[in-house]
Amino acid sequence: MTLAVRTVGIRKSFGAHEVLKGINLDVNYGEVLCILGPSGSGKSTLLRCINHLEVPDGGYAWVDGQIIGYALKCGALHELPVKRLRTQQSQLGMVFQHFNLFAHRTVLGNVIEGPMVVRGLSREEATARAMDLLDMVGMAEKAEAYPAQLSGGQKQRVAIARALAMEPRVMLFDEPTSALDPELVGEVLEVMKRLAAAGTTMIVVTHEIGFAREVADRVVVMIDGDIREAGPASEVLSAPADPRVRAFLGRVLS
Amino acid sequence: MAVVSSDLTGTSPDALPGADLPVHRLRHPGRWLAGAAVVVVLALLVQAFAAGNIRWPIVGEFLTAPVIVKGFGWTLLITFCALALGIFLGFGFGMMRLSANPVLRFAAWLYVWIFRGTPVLLQLLIWFNIALIFPRLYIPGLIDARMVDVVTPFVAAVLGLGVNEGSYLSEVVRGGIGAVDRGQVEAANTLGMTPGQAMRRIILPQTMRLVLPTLGNSAVGMLKFSSLAATIAMTEMLNAAQRIYFINGAVIELLFVCAIWYLAGTTVLSIGQHYLERHFGRSSSIAPPRRNWLRRATAGVQA
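Protein chains in written order, with my numbering: chain G, 1 to 254; chain A, 1 to 303.
Do not take every clue at face value.
Chain A residues, not near chain G, derived (Cβ > 12 Å throughout) [as the list claims (entries may be wrong)]:
id, residue
1, 43
2, 50
3, 114
4, 140
5, 186
6, 193
7, 204
8, 205
9, 280
10, 284
Pairs of lysine to any residue, SDA-like flavour, derived with a Cα cap of 20 Å [claimed, not checked]:
id, chain 1, residue 1, chain 2, residue 2
11, G, 142, G, 169
12, G, 142, G, 120
13, G, 142, A, 283
14, G, 83, A, 198
15, G, 83, A, 217
16, G, 83, A, 184
17, G, 83, A, 99
18, G, 83, A, 100
19, G, 83, A, 284
20, G, 83, A, 195
21, G, 83, A, 283
22, G, 142, A, 284
23, G, 83, A, 186
Derived from the structure by calculation, the hints contain no laboratory data. What you are looking at is a predicted structure, and each value in this text was computed from that prediction instead of being measured. Virtual Cβ for every residue (Gly too), placed ideally from N, Cα, C.
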């Protein structure tokens, strides 16, 4: 087992409210980790701190041999220039709750944007690979459609293809099904299950307990900016030790 | 049978008439009356102008007079150059207004404050007389000339109108960029795009859709405001017309000639705006792209 991601004491406050109180978390290559917890527990913020969309107030994330956003020099962290930070970020595929597809680009345009602009692939090469990915998420026949013409589930599947197109080492999912109509949740989870089965390293912030139970290798439960419970899905979900975790799971499972 | 009543309370539901009853639409005599009144007023207006003290043949004669057409050419050139300058400055200062650097933000604010806060006619006059402040334009290694030779009436008109327009457009651009969803930038960041790439490829194209209606207004406005250049001895169309009617006394005729040309120009601009808006708005329509009437018509001819 090789370590892919380690967060080291990540702290983050918004104003006086401390959202993350020093999070230590390890994820191995090929592992699927689900982060559960009530709204406002800091799980999305943790994910956004890992890929530096939010800059942590303290601590840092280490991904694939690099500290995200910093260079370690003489015992101090030096902020990286934006270009090098972006290169690191492109190794962390991000799927957003609200999809954030580029509204002015077609489905295909969304998927080839990163490979062409950031990695310098030719349009033909990027298109060929994008069509493979769109095929994988079942959106190939919608390649010429614009995001406004798609359902939420279709948008999210395109967003997953777009993130995969950068060939990231780790995929981050920020509540990927929370903005979807209930009948559209399944098609997105189906794609995610296929990724998990293919050995993709995934960190998934979710409210889908069923998905966590079925797919996650490990589950952590966050409450008030702390990890209260961590372990294999079966243990954490069926016999949580922490009373507040028990209360939370009782609420969502009922 | 002539029962006029909508009260069917006494009727048994089984006795209700079938669904295939003829329907008589409500008549709108008021609409006909209002329409007729407006047509009459319009006819009277046309009659008044036809019978009025205007020598229409002179209007026709000067409509294509070389001096007028050349003046309209200058009008178009001023409009185009000033609009280009205004758009360039608008995007530049609009982005500066949103910069993380407070000095840049302040400079952009100062620009808007000064040039939006003073009349454009005043600005034109100051540009035209700028040689009184700076007699020589001297940039080491680049240019060394008398200011009056550099700032001709044309240059003064373009600078005055363009810099003024830029101050308005920078506010529009600032609003347009601000209206693009933050998530779009975050998605660009996570794909590894630099701030410049995200601005050029993701933010600005989406800003275009939002600012185009205003930009179209600006173009139409600029075509008309270019007539202000007549006051600084620029022989654009209005100035040319004035020069002619000072001699031949056909004041109204020549002003009407100008009005016709301006209307033609703004009409063409409005049509261009329509097509530009459709181009940049194609991604936001739910329906697949509609074919336009022109292509439909020609397709019909071919078939």
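Hint check results:
1. 43: For residue 43(A), whose nearest Cβ neighbour in chain G is about 47 Å away, the distance exceeds 12 Å, so it holds.
2. 50: Per Cβ check, residue 50(A) is outside 12 Å of chain G; nearest 51 Å; holds.
3. 114: Holds: least Cβ distance 33 Å, greater than 12 Å.
4. 140: 33 Å, holds
5. 186: 6 Å, violated
6. 193: The claim breaks: residue 193(A) does not keep its Cβ more than 12 Å from every Cβ of chain G (closest is about 6 Å).
7. 204: 10 Å, violated
8. 205: Non-interface label fails for residue 205(A): nearest chain G Cβ at 5 Å, not farther than 12 Å.
9. 280: With a cut-off of 12 Å, residue 280(A) comes too close to chain G, as the shortest Cβ separation is near 8 Å.
10. 284: 6 Å, violated
11. 142(G) / 169(G): 27 Å, violated
12. 142(G) / 120(G): 25 Å, violated
13. 142(G) / 283(A): 14 Å, holds
14. 83(G) / 198(A): Holds, at about 12 Å.
15. 83(G) / 217(A): 38 Å, violated
16. 83(G) / 184(A): 18 Å, holds
17. 83(G) / 99(A): 18 Å, holds
18. 83(G) / 100(A): 17 Å, holds
19. 83(G) / 284(A): 31 Å, violated
20. 83(G) / 195(A): Holds - the C-alpha atoms of residue 195(A) and residue 83(G) are around 9 Å apart, at most 20 Å.
21. 83(G) / 283(A): 29 Å, violated
22. 142(G) / 284(A): 16 Å, holds
23. 83(G) / 186(A): Roughly 15 Å separates the two Cα atoms, so the pair holds.
Of the hints listed earlier, those the structure fails to meet are numbers 5, 6, 7, 8, 9, 10, 11, 12, 15, 19, 21, in rising order.
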